[in-house]
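J.: Residue strings, one per chain:
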Amino acid sequence: MQKIGVFVCWCGSNIAGTVDVHAVAETLKKEPGVVFSTDYQYMCSEAGQNLIKDSIKEYGLTGVVICSCSPRMHENTFRKAAQSVGLNPYMVEVANIREQCSWIHKDMATATEKAVILGRAAIAKVHLNAPLTAGESPVVKRALVIGGGIAGIQTALDIAEAGFEVDIVEKSPTIGGKMAQIDKTFPTLDCAACILTPKMVEAAQQEKIKIYSYSEVDEVKGFVGNFSVKIRRKARYVNEDICTGCGVCTEKCPQKKVPNEFNLGMDNRRAIYIPFAQAVPKVATIDPNYCTMLKTGKCGVCSKVCTAKAIDYTQKDEFVEAQYGAIVVATGFNPISLEKYDEFAYSQSPDVVTSLEYERLMNAAGPTSGTLLRPSDLTHPKTIVFVQCVGSRCDGGDKGKPYCSKVCCMYTAKHAMLTREKYPDTDVYVFYIDVRTPGKNFDEFYRRAVEDYGVHYIKGMVGKVVPQDGKLKVQASDLLSNEQLHIDADMVVLAAAIEPDKTARPLATMLTASMDTNDFFTEAHPKLRPVESPTAGVFLSGMCQGPKDIPETVSQASAAAAKVIGLLAKDKLTCNPCVAHSDEQLCNGCSSCEKVCPYGAITYQDKEFRMPNRTVAVRRVASVNPAVCQGCGACTVACPSGAMDLNGFSNRQIMAEVDAICK
Amino acid sequence: MENKQQLTEQILRMSGVNARKCMRCGKCTATCPSFDEMEYHPHQFVYMVEKGDIEPLMKSESLYTCLTCFACVERCPRNVEPAKLVEAVRLAVIREQGANHLKPQDLPELWDEDLPQQAIVSAFRKYSK
Amino acid sequence: MVFSYYPGCTLKTKAKDLDRYARISAEALGVTLEELPEWQCCGGVYPVAKDEIATKLSSVRALNSAGEMGNDLVTLCSACHNVIKQVNNDMRTDENIVLKVNNYLKLDKPYAGETNVLHYLEMLRDAVGFDKIKEKVTNPLTGVKIAPYYGCLLLRPGSVMQFDDPENPSIMEDFIRAIGAEPVSYSMRNECCGGYVTLENKSLAAKKSNNVLESAVSAGAQMVITACPLCLYNLNKNGSDYDIPVHYFTELLAQALGLK
Amino acid sequence: MQIEKKEFKPTIVAFCCNWCSYAGADLAGTNRLNYPADVKIIRVPCSCRVNPMFILRAFQRGADGVILCGCHPGDCHYTTGNYYARRRMTLLFSMLDFLGIERGRTRVEWVSAAEGAKFAQTMNEFVETIISLGENKRLEDLRCKK
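Chains as they are written, first to last, in my numbering: chain Y, 49 to 711; chain R, 341 to 469; chain P, 11 to 270; chain H, 189 to 334.
With the rest of the complex left out, here is chain Y:
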């Protein structure tokens, strides 16, 4: 019989406010095996932990039940406390009487009754607990960063700086991401390329970093410390090692009508292209959707003009399999499609643009070489209307994204300010619902746009944009003066909501990392573990986790790197001891468990068994590799003979809990 101690936490008034903690402790004292039961204000405090430690020693406890907050919060704290005084940490069970009891019930009697039952279930389980020892697994000292935008680059640089190998997988032909398309950054107005491109070059030159550009992650296997990843290197039909990036092919290619995605389709590139002048790697790529040679077999101009002989029309996708100790997701974002918001006439007039398109129109390397010209007739726009929150802060579903995209207020202030600075004869209107500028020097920046640059900020929304006679007739509300405004604009700029990149969802499935309903990756804890995914060994960097601006992205990128470095610095990781094990006496070798195991942790071996009359029989039995098993328990249910069981969540333990609850 176990000697069990019960510790009921008040959690200040969080639990004690709705649960009669005294009564719980007193009632549970009467349970079989309970030799000690008490309550205390904060069990997780040092004094609380000492109380547990002292009681273990004093009463010679063999099992501990803590009635407190969720085990997801403090199970480890209490296990460590028990371990420090010599009790096996897996002899500690937590009954969740805060999140699943005191916080959801208002009536004291009901909550107390439920707390007692939850306590009983935990006691019933502890009776059947057995000491467990965790195994160890090695750590592969290399990290993978998925996504080569500013987030991925920063994370990779920091990890490499600490002396670890790191690979970047980027799906487009160059790293740089969205920041490479941005003209200036707020609130300092320094040129984005000037601060980004040195980092891109640094990443390319850093010996510890390998960049797989134009590549995608195809498959992820394994677990923290030992992921095995299959990377698809898409055929770019150019030998990356030979190409010098001279760009002659991109000038000679006869296929001139390919929408240039770097300028968001506002101008054209060739079928063989280098996305932009500072691309890293500076290597040409053939777009198979437009290349005449690849489509019809007739052309070959690029091959003829290439002095380095780098063109290879026969190139196929290649696969790289590599091992990593940690994976960082930095898949970034995109502006949403504006199809659903055609009251703003985005699809009806080229002069209605998104903010990112406006960014290109302002940029020296953009389609208009940095002169602000409206796309329809290449004249200087004299009146520009900016519309905020297009698709952000909506009611969800069909209406749009329910979240605030966070960066639009600031970049719109930036656009408005830059426009007024370069072209003082331009009238600039910004329609806003709220101006959200929490950030260092952010509100000052917005105020400058209003006070120094004379941007017209109007509280209200645009309801309809009508392209007519070369103008955009904007119908909008001014809520403060309770008027409907009619503005004849030359351009309308829409601050489209941002959304996670479409590749994030399939990637999350591969990584078994969870996502929220908007396809942003969820963090392990919203406040205390913001850069880790709940899946061990997977870390989050940048917009893939939620909307953020460049400084925030960079901080998160570095934070993710720090977490990765902390992981890679370890030689071995302690495994989860709650793994499956098979009772060889019961196993009939049917292979049911092997088939359901997602990790291939189960193998079969022939084993000799002593039989009656000193005979020996050889039987085929399952054996679980505890370093590979992740403890899901799928095999335990598949096993027809009841040989397979799971440490820490055994059949008997769970049934004891069921019994205690149903009693």
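Just so you know, these hints were derived from the structure itself, not from any lab.
Treat the hints loosely; a few may be bogus.
Said to hold, decoys possible - Keeping only pairs whose Cα atoms sit at most 20 Å apart, straight-line, the calculated DMTMM-like set for lysine to aspartate or glutamate is:
id, chain 1, residue 1, chain 2, residue 2
1, P, Lys-212, R, Glu-379
2, P, Lys-247, R, Asp-452
3, P, Lys-60, R, Glu-436
4, H, Lys-197, Y, Glu-161
5, P, Lys-247, R, Glu-453
6, P, Lys-26, R, Glu-453
7, P, Lys-212, R, Asp-454
8, Y, Lys-447, P, Asp-175
9, Y, Lys-507, R, Asp-376
10, P, Lys-217, R, Glu-377
11, R, Lys-469, P, Glu-210
12, Y, Lys-154, H, Glu-316
13, R, Lys-361, Y, Asp-446
14, P, Lys-24, R, Asp-452
15, P, Lys-247, R, Asp-454
16, Y, Lys-154, H, Glu-195
17, P, Lys-24, R, Glu-453
18, Y, Lys-388, P, Glu-183
19, R, Lys-443, P, Glu-210
20, P, Lys-22, R, Glu-453
21, P, Lys-212, R, Asp-446
22, P, Lys-217, Y, Glu-531
23, P, Lys-217, R, Asp-454
24, P, Lys-217, Y, Asp-517
25, H, Lys-306, Y, Asp-443
26, H, Lys-306, Y, Asp-567
Said to hold, decoys possible - Far from chain Y by the CB rule (all over 12 Å, computed), these chain R residues:
id, residue
27, Lys-344
28, Gln-345
29, Leu-352
30, Arg-353
31, Asp-393
32, Glu-401
33, Val-433
34, Arg-435
35, Glu-436
36, Gln-437
37, Gln-445
38, Glu-449
39, Leu-450
40, Glu-453
Even glycine gets a Cβ: it sits at the ideal position worked out from N, Cα and C.
Using the hints, position chains R, P and H against chain Y.
T.: Structure of chains R, P and H alone, referenced to chain Y:
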């Protein structure tokens, strides 16, 4: 005061609108084709119903200039449906005895030989009980 | 192809053309429109309030009667279409309305939105197919620049009407192409003409109608088409700043098919 | 004739996977979203750890309803665990039908770690269903009664 609350609840029930969802962007008012003819504009309807100020709305001519074109309903980012509130307030008025906005005897004056039946039927449904 | 057909009262009086050309065109396209044996006026405007039951009954009767014959219900007038489609949506989604309506009507089998409602244009697009219409056109309106006018009733609320993209519809444009003419794209095509308010506020209706026509004319339209008698009236009568013909789309269909 | 009964308080067992649904339940708590105290949660590593036996055991011991919550399809922490659970439960439920246990007494629901509100709502609905079904007597082992 109690009456005011009852009236508000009645309006919300009839319209099926949750006025609290409004984030005060003003897109309804921005898109309203009848803006110039309205004393209270769509966003004000939402705000005033939320506050419980129904009576001024009931007295307002704005009730009869709403075209029920549903532009505000379609374009509201928050699914608030201002036109349904206008309709509910209008109904609350014409359901009161003798409060019909349009009476049959008014018709000949408004008549026009090309006017489709549809307009008359609609107007009666909108303006009287 | 057989459909139940709900003409509505205006189509029996002021908008006879809309109805007549629709029927002969349908026949030529191999579609049988069976007018419901008994139908009552839909009321012209959808009764928005949740507690309006009696005003929804005529629509439910029409829906149920088509359902009993096992047909989809085709409507033509935008207003009727809007009312019947929205009431049908209530019968599909609002338990309270379903209960009260059925309690009142005491039908053999309670009605809960089973019938599909199609606008004549949807019928052309989905059942006949614009390609097939193109084949049958004998008298194409080549070179005519036509502005499609949707108005509000066909499109909104978009989640209920499911007619087309409420902000950027294309069905009428496709129709115009099918009869050999050239559609003119203009932004006011889904804005209100002034509707029933014309009865007591002519200036409002005039303003709205002129805005629509201004947008259409500036886009180079030579003609406007509509599916709604009230829109036609407003654009013709109140949109007096612009001298541009406004026609029912069925009239042009009949003309293109060589039936007029 | 109406027999006066004391209010029926059902016993409901909820198996929640550690990664999604248990965290979802915690989130419901953090957001103070109420659901009846009749629901008692048992934490399991994955929905695929739940042996149909556990559910039968619960019914036998007098549970009035058993609900199994796991990660959304495709989101399982162990990649495929919830698919196994789904198939197993489909089989079990058809057998429960055969035993005469009302289908409504069992339920599988996918609740992610972000869906605290869905967790609370699911539990509220489930308890309501169980209350309307009344006490579970079919499979209860009378010997287990006090």
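J.: Run every hint past the structure and note whether it holds.
T.: Now for the hints, and whether the structure bears them out:
1. P:Lys-212 - R:Glu-379: holds (18 Å)
2. P:Lys-247 - R:Asp-452: holds (10 Å)
3. P:Lys-60 - R:Glu-436: Holds, at roughly 18 Å.
4. H:Lys-197 - Y:Glu-161: Answer holds: Lys-197 (chain H) to Glu-161 (chain Y) is near 12 Å, not above 20 Å.
5. P:Lys-247 - R:Glu-453: Holds - the C-alpha atoms of Glu-453 (chain R) and Lys-247 (chain P) are around 11 Å apart, at most 20 Å.
6. P:Lys-26 - R:Glu-453: Roughly 15 Å separates the two Cα atoms, so the pair holds.
7. P:Lys-212 - R:Asp-454: Distance of about 14 Å is within 20 Å: holds.
8. Y:Lys-447 - P:Asp-175: Holds, at roughly 13 Å.
9. Y:Lys-507 - R:Asp-376: holds (19 Å)
10. P:Lys-217 - R:Glu-377: holds (11 Å)
11. R:Lys-469 - P:Glu-210: This hinted pair holds, its Cα atoms lying about 17 Å apart.
12. Y:Lys-154 - H:Glu-316: With a Cα-Cα distance of about 19 Å, the restraint between Lys-154 (chain Y) and Glu-316 (chain H) holds, given a limit of 20 Å.
13. R:Lys-361 - Y:Asp-446: Given that 20 Å is the threshold and the Cα spacing comes to 16 Å, the pair holds.
14. P:Lys-24 - R:Asp-452: holds (12 Å)
15. P:Lys-247 - R:Asp-454: holds (8 Å)
16. Y:Lys-154 - H:Glu-195: holds (18 Å)
17. P:Lys-24 - R:Glu-453: Status holds; Cα separation ~9 Å.
18. Y:Lys-388 - P:Glu-183: Judged against 20 Å, a Cα distance of about 18 Å means the pair holds.
19. R:Lys-443 - P:Glu-210: holds (12 Å)
20. P:Lys-22 - R:Glu-453: This hinted pair holds, its Cα atoms lying about 15 Å apart.
21. P:Lys-212 - R:Asp-446: holds (15 Å)
22. P:Lys-217 - Y:Glu-531: Roughly 18 Å between the alpha carbons, so the hint for Lys-217 (chain P) and Glu-531 (chain Y) holds.
23. P:Lys-217 - R:Asp-454: holds (19 Å)
24. P:Lys-217 - Y:Asp-517: With Cα atoms ~19 Å apart, Lys-217 (chain P) and Asp-517 (chain Y) stay inside 20 Å; holds.
25. H:Lys-306 - Y:Asp-443: holds (17 Å)
26. H:Lys-306 - Y:Asp-567: holds (17 Å)
27. Lys-344: holds (23 Å)
28. Gln-345: Per Cβ check, Gln-345 (chain R) is outside 12 Å of chain Y; nearest 26 Å; holds.
29. Leu-352: The assertion about Leu-352 (chain R) holds, with a minimum of 17 Å to chain Y.
30. Arg-353: holds (20 Å)
31. Asp-393: Its Cβ never comes within 12 Å of chain Y, the nearest being 15 Å, so this holds.
32. Glu-401: holds (16 Å)
33. Val-433: holds (23 Å)
34. Arg-435: The assertion about Arg-435 (chain R) holds, with a minimum of 29 Å to chain Y.
35. Glu-436: holds (28 Å)
36. Gln-437: Non-interface label stands for Gln-437 (chain R): nearest chain Y Cβ at 34 Å, farther than 12 Å.
37. Gln-445: holds (35 Å)
38. Glu-449: For Glu-449 (chain R), whose nearest Cβ neighbour in chain Y is about 31 Å away, the distance exceeds 12 Å, so it holds.
39. Leu-450: At roughly 27 Å from the nearest Cβ of chain Y, Leu-450 (chain R) sits farther out than 12 Å, so the non-interface label holds.
40. Glu-453: holds (33 Å)
Consistency with the previously given hints is maintained throughout, with no hint failing.
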